[in-house]
Amino acid sequence: MALKPKSAIISPLSPFTPDLYQRAWCSIPHPTLPLIATAHAKSVTVFSLSTFTKHSSLTGGHSRSVRTVAWQPPFDNDSNKGGGKRLRLVTGSFDATAGLWSYKPKAEDELEQEVKFGNGDGSDNEEEEEDEWEFTLVLEGHENEVKGLSFTPSGQYLATCSRDKSVWIWEDVSLASSDIPGIPSGEGEDEWETVAVLTEHEGDVKAVAWAPSQLPNSRPKNASRYYSAECLASASYDNTVRIWREDAAEGPGEWVCVAVLEGHEGTVWSLQWESKEREDGRFPRLMTCSADGTVRVWRVKHDEDEDQDEGQGLMGRFGAIPNTMRRSLKEEWECEAVLPRVHSRDVYSISWSAKTGLVASTGSDGVVAIYAEDPDAQEEGVSRWSVIGTVKNAHGPYEVNHVTWCKRWDAGIEAERRGKEEMLVTTGDDGVVKAWEVRVE
Amino acid sequence: MEGRGLDNANPTILSVSQLPSRRRKGGAVRRGPDSKCDSIVYPRQHWPYGSGVSSGEDDEEEDEEEPIDEQDIFDLISTISDPEHPHTLGQLSVVRLPDIHLSPSPAKLPSPDALVTVRVDLTPTINHCSLATVIGLAVRCRLEQTLPPNYRVEVKMKEGSHAQDDQVNKQLGDKERVAAALENDTLQRMVDKMLSTCV
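First to last, the protein sequences are chains A and B.
Read left to right, the first sequence gives residues 20 to 460 (my numbering).
Read left to right, the second sequence gives residues -9 to 189 (my numbering).
A few of these clues could be false.
Computed, partial: chain A to chain B, Cβ under 7 Å [stated by the list, open to error]:
1) R83
2) F113
3) E164
4) N412
5) G415
6) P416
7) Y417
Bear in mind the hints are in silico, worked out from the structure with no lab data behind them.
By construction, the Cβ of each residue, glycine as well, lies at the ideal position given by its N, Cα and C atoms.
Please model the entire structure based on the sequences and the hints provided.
Spelled out as structure tokens, the structure:
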């Protein structure tokens, strides 16, 4: 049995430079390269995680603030899978659009080198760096502010959400029609299609997240083989979270809301799936944070009635039974834990480490907290969590908008631990992006 | 606009001398709305009251300035113009001194980064005022622009004063919606116009 972490010492590393001098909304690390992208004002600044300095910036694509940003998978460094030569970002903006960006290194091999070693010496390409990100495509459809983005692990599907109460699912068609996974077909022409528009929320949709379908425990079981592999969760101003799946019986593009998670007493600001593979094979859990000051953990109750669902599923596939009668199209989700309360105001952001299973949260009160799950909790349907470390005033008097676990690549740790060990990165209203070392005991 | 489409054509209006100020009976300390707002920007020079007066000229001791109180908050927002009447929010009693609350008191902060919540309950002139959200937005905007960053501003409709209290309160409490609203040209122009009597 795993040991339960007792305490975490959180200490500041040097902040990223330069300061952005205006509210920054979020910083999203690249899953495999030492890069992190920060959304602020109408642009995105990409920092190097090796040097904590600016790597490049994306400007000129949006007429209003960029609220959010996501890296497009695949990330595999193996060049014959396309990941190594391809660096793509999507931005979500208050101007109601999502923008697609491609990084164009000047020479073929340059990307890898530049990224690996950083260009913190600033010697070669200071002048041109602004032009290295190309705004390649704009996704239009939302009526107003785009607030959240999420890619499926394959990079084929993108979900966007907006104040217009809808979630849109887009497909990168060039990726889908390719013979080799991860390499777009044709000569790099971007082609995207709208797959579905989901409109059941009664308020702004603040965030979306795809379940980690790359994990074995996330694949549909026999009981749910009438669903496709992907599962989407959305968090809203209407205080609820919704779970969405594609109903394979009805054909492609037929997405249905299979569960509504009720319990939060304020806007649900963000959500994160459990991305560490579960030993018990159960479907990943979902964690949410809210304006009500709480963080909640939700689980699906599916294992017990698998046999019944099997029969329902087969019937469902004939497609003749009305939705209301097909119990199998609904999933039962329950809240298994409310994390110990730390925050006195809105919790804006949470991060659930895929490596350690530790959770970090932050929000309007400027506190950063780390929680650990008790691995010995035996009670069925309940998990136990404890706070193992906090930092007050993480950004001085300012609100903290985002927290994320992030791989360390800096010179502060030995070379063999780079790209493996994790730190925290926080993003605040002060326009500062801060890195924090976390020592768990 | 006059006579057509006004939500409340005949609001009660207080004269400036009826508004609460720090020295009701102490003579003309205030010289009008402009100087009131400067007090936040240049506190040492413009607050001729309280116990810390002695070193008024000494620029080096700026960090020992007077703690902000409810009257200061009132002075900051009472001069905002109403979007449909040619009067200020103070004159229309949309903003009232007893409905401003600071917690904890800025005088007793353990550190300069400690948070202070400013709660302002607005009383719209009638209970279905469609401009309530815009007024709330202007008040929140004014306070966020002028108060130090450890202040958390909560602007709400006074209970029972407005038909859609909850929706308006929730919108005004949502940082993301407020940020986006201020990037909307029409709203930004309205708010600028309302705040133009403060600056």
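Evaluation of the provided hints:
no., hint, in the structure
1, R83, "holds (5 Å)"
2, F113, "holds (5 Å)"
3, E164, "holds (5 Å)"
4, N412, "holds (4 Å)"
5, G415, "holds (5 Å)"
6, P416, "holds (3 Å)"
7, Y417, "holds (5 Å)"
The structure shown violates none of the earlier numbered hints.
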